[in-house]
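Enquirer: Sequence:
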Amino acid sequence: MLHVSTLFVAGSANLDEHGAINATRIPMTWFEVDQVPLWAKVPIVLVVHAPAGGDYDPELHVVCKDPSGAARGTLRASWHWPDEVDKASKYRCFTQELSFPIESAGEYTIGAYYDQQGKFELSTPIPITILLTQPPPVAGEDVPVAGEGVPFAGEGAPVAGEGVPIEYEDVPPQGEGQGG
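Residue numbering for the sequence shown follows the UniProt record's numbering, starting at 1 and increasing by one per position.
Simulated from the structure, these hints should not be mistaken for lab results.
The C-beta atom is built at its ideal place from N, Cα and C for all residues, glycine as well.
Some hints could be false.
Under the rule of at most 20 Å between Cα atoms (straight-line distance), these lysine to aspartate or glutamate pairs were calculated in the DMTMM-like manner [what the hints assert, rightly or not]:
no.	residue 1	residue 2
1	119	32
2	87	55
3	87	57
4	41	84
Estimated spans, in silico, between C-beta atoms of each pair [what the hints assert, rightly or not]:
no.	residue 1	residue 2	range
5	93	41	34 to 42 Å
6	83	103	38 to 46 Å
7	29	86	34 to 42 Å
8	77	16	17 to 25 Å
9	16	51	20 to 28 Å
Sequences and hints are given; from them, build the entire structure.
Expert: Here is the structure:
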């Protein structure tokens, strides 16, 4: 039986020459964006394992769902997975960019599923919050104070365009481009 050991969004992720994962800013739990709609690409890290003696040709899907629960982007993974000599279990690590359209702010989810539509969970999906940047206050208006009902992001908070590796581009019109 295939199991998900780890699934998260990283700031950056890749596999080294030995198959080990190098990732930064783990986990990324939210992104702040200047506008919607837009197209996002986020680095995903997925680690799976299974007992020896089965799951020789597994397939799974990493699916992003929007706040309404509609599937917006998907990655398909399938591979031949032989048992390892003298080992009771086998592991496989993936790093890949998941791309999906963002049409509104809110809580998106990313999860591992048996199907491309994201109906049959392999593991519990993780939440990723998309926030819209607040416009600067207009001169003469009251300026909100952190701690008085206004969230405070703190130093080092990820903000799109300030070192956060999420790529944006305009969402193509309906019927063009790629998407999930």
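Enquirer: Each hint needs a verdict: does it hold in this structure or not?
Expert: Each hint tested on the structure:
Restraint check: the Cα-Cα separation between residue 119 and residue 32 comes to about 28 Å, which exceeds 20 Å; the hinted pair is violated. Only pairs whose Cα atoms come within 20 Å are accepted, and residue 87 paired with residue 55 is accepted, the gap being roughly 15 Å. Pair hint residue 87 plus residue 57 holds up; C-alpha atoms about 18 Å apart against a cutoff of 20 Å. At most 20 Å may separate the alpha-carbon atoms for a hinted pair to count; residue 41 and residue 84 exceed this at roughly 34 Å.
Between residue 93 and residue 41 the C-beta distance comes to about 20 Å, which lies outside the given range of 34 to 42 Å. Distance hint for residue 83 and residue 103: a CB-CB separation of about 44 Å, consistent with the stated range 38 to 46 Å. Between residue 29 and residue 86, the C-beta spacing of about 39 Å keeps the proposed range 34 to 42 Å intact. Take residue 77 and residue 16: their Cβ atoms lie about 19 Å apart, and the range 17 to 25 Å holds.
At roughly 26 Å, the beta carbons of residue 16 and residue 51 sit within the given window of 20 to 28 Å.
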